[in-house]
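Peer 1: The lines below spell out each chain.
Protein chains: 2
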Amino acid sequence: MKKDVSSIEAALRQYLPQRDDYIRTVVDSMEYSLMAGGKRIRPMLALAFSKLCGGSEEAVMPFACAVEMIHTYSLIHDDLPCMDNDDTRRGKPTNHKVFGEAAALLGGDGLLTLAFETLVCEQARRLNGAEKCAEAVSVLAKCAGAVGMIGGQIIDLESEGKQADHEILRIMDKKKTGALINAACQMGCISAGASEEQRKAAEQYAYHIGIAFQIVDDILDVTSDETTLGKPIGSDAENHKSTYVSLLGLDECRKISAELTEKAINALGTFEGDISELVNFAHYLLHRNQ
Amino acid sequence: MKKDVSSIEAALRQYLPQRDDYIRTVVDSMEYSLMAGGKRIRPMLALAFSKLCGGSEEAVMPFACAVEMIHTYSLIHDDLPCMDNDDTRRGKPTNHKVFGEAAALLGGDGLLTLAFETLVCEQARRLNGAEKCAEAVSVLAKCAGAVGMIGGQIIDLESEGKQADHEILRIMDKKKTGALINAACQMGCISAGASEEQRKAAEQYAYHIGIAFQIVDDILDVTSDETTLGKPIGSDAENHKSTYVSLLGLDECRKISAELTEKAINALGTFEGDISELVNFAHYLLHRNQ
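Quick note, the sequences are listed as chains A and B, same order.
Under our numbering, the residue at position 114 of the first sequence is numbered 114, and the numbers go up by one with no gaps.
Under our numbering, the residue at position 107 of the second sequence is numbered 107, and the numbers go up by one with no gaps.
Hints in this document: simulated from the structure, not taken from any laboratory.
Certain hints may be false.
[Unchecked claim] Below are the BS3-like pairs computed for lysine-lysine, each with C-alpha atoms no more than 30 Å apart in a straight line:
no., chain 1, residue 1, chain 2, residue 2
1, B, Lys-162, A, Lys-97
2, B, Lys-162, B, Lys-174
3, A, Lys-241, A, Lys-39
4, A, Lys-97, B, Lys-97
5, B, Lys-255, B, Lys-2
6, A, Lys-162, B, Lys-97
Note that this is a predicted model, so its numbers are computed, not measured.
Work the whole structure out from these sequences, hints included.
Peer 2: What follows is the structure, given as structure tokens:
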């Protein structure tokens, strides 16, 4: 896994635009957040599904990095004062604390745009062909757009200070976290030329680890400490946000997240290749401490 | 021209995502700005170049609309308090004045993402083929990204309150306005399968009308009135922004914008088809009053 993370980070850096004196600030803002660490879960999933379906790492890499760029832009915009107004992220000052709000806004816009440029870059088109690149653009745009991730963010925004029920939480998280995790898994399948059946199985895996991921996030917000988590803990309660923990309690959350992880692993039954990497990955997400 | 505007607006509306109770606010925010009128210059250019190069209107329409979505998102984000902090646009309250800053931010992100979804929608792929769609994604992302439009916005931001010289103004406008106008012209060429030579000529046309457009904008900021322009006049001077008018004076600006328009028209010499629409368009942009 460590080897994957370092090849992903090398690729991410290489896709950043060339700096000149005029645009330095916005490229610095993009780089600051893109290279700020993080677990690289989404590109790892893209790589793992591509490998499972017989694809090449070189071909899927631009697709994998594009999903991470979308994830990063969403964090930058989410941290802005008009959204969650967060000061720290991954143990570092948030983007707008370093570059100011305007350059953070533009840095986010720059990464969102760069994601699509990367999906059709020379390397991506040469190794995947235009059909797969166009399909990747379509899937990523849908998952990241108003019916996907952005839709989840608006639900989140509108349920602040209100008591959200389990149903709304599920719909919100399916969009806010699940959609991009699904996009990552689909990127791997598309690059490798997976069948419709395989893409559906990947979607099932993504759906279940996505909800489990969010439940573990809610658990960690209560049980972890700021140094380990890299951001303040207890922020959900402070913002009067309903979470799985506030609705169901810690014990029930631990039980459900373990069950969802099992369901995710069961969805891998369709594949003929070696699923151990994705099985381990699901367990890693369940037992992570940050 | 009016006929083109109404078919563009019908298409734009049709590409908006389906609303449901959960995501209504963000789709309303997207629609509010996308359907707020405006001159539709960029999609008109895409249509005109496609026609000139023998393409079909149905095939170029998604490409044309995608450019307008990018333009609209950039206006929403540009108007935000952390950027230009504008209250009116096209005679109406700006997006964040109606929906609040968070929904305006997300509405802009939604339109930026929708632009790329539209470039590879079923209609676009069926009528243009995946190769042209991938090329359209690549060109639009480059023109709208950090080395293009977003780069222009960061230069604009950093030159506020400073005396910018003619050279910086030219580089800024080439990126901030010119890049997306070029993207629009290229979208038409790509959809129609234009040659490299034709694409270069379209770029020359775009470059010259782009600068002329910005100079006329600066002239109107001084000579027009708020009702005609749909936004407050004199805002450049108020924000201590250097403009072509403040650097060169009104008379020189009128002379240069006319010369640039002639250069744009000369670039059309390469094409064998009927260039009258694009000639008229260049004159319309020069003599517009808003």
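Peer 1: Confirm or reject each hint.
Peer 2: These are the hints, each one checked on the structure:
Distance check on the hinted pair: Lys-162 (chain B) and Lys-97 (chain A) sit about 23 Å apart at the alpha-carbon level, within 30 Å; holds. With a C-alpha separation of about 19 Å, the suggested pair Lys-162 (chain B) and Lys-174 (chain B) falls inside the 30 Å cut-off, and the hint holds. Distance check on the hinted pair: Lys-241 (chain A) and Lys-39 (chain A) sit about 24 Å apart at the alpha-carbon level, within 30 Å; holds. Annotation: proposed proximity of Lys-97 (chain A) to Lys-97 (chain B) holds, straight-line Cα distance about 25 Å (limit 30 Å).
Using a Cα cut-off of 30 Å, the hinted pair Lys-255 (chain B) and Lys-2 (chain B) holds, with the two alpha carbons roughly 29 Å apart. Only pairs whose Cα atoms come within 30 Å are accepted, and Lys-162 (chain A) paired with Lys-97 (chain B) is accepted, the gap being roughly 23 Å.
When each numbered hint is compared with the structure, no violation occurs for any of them.
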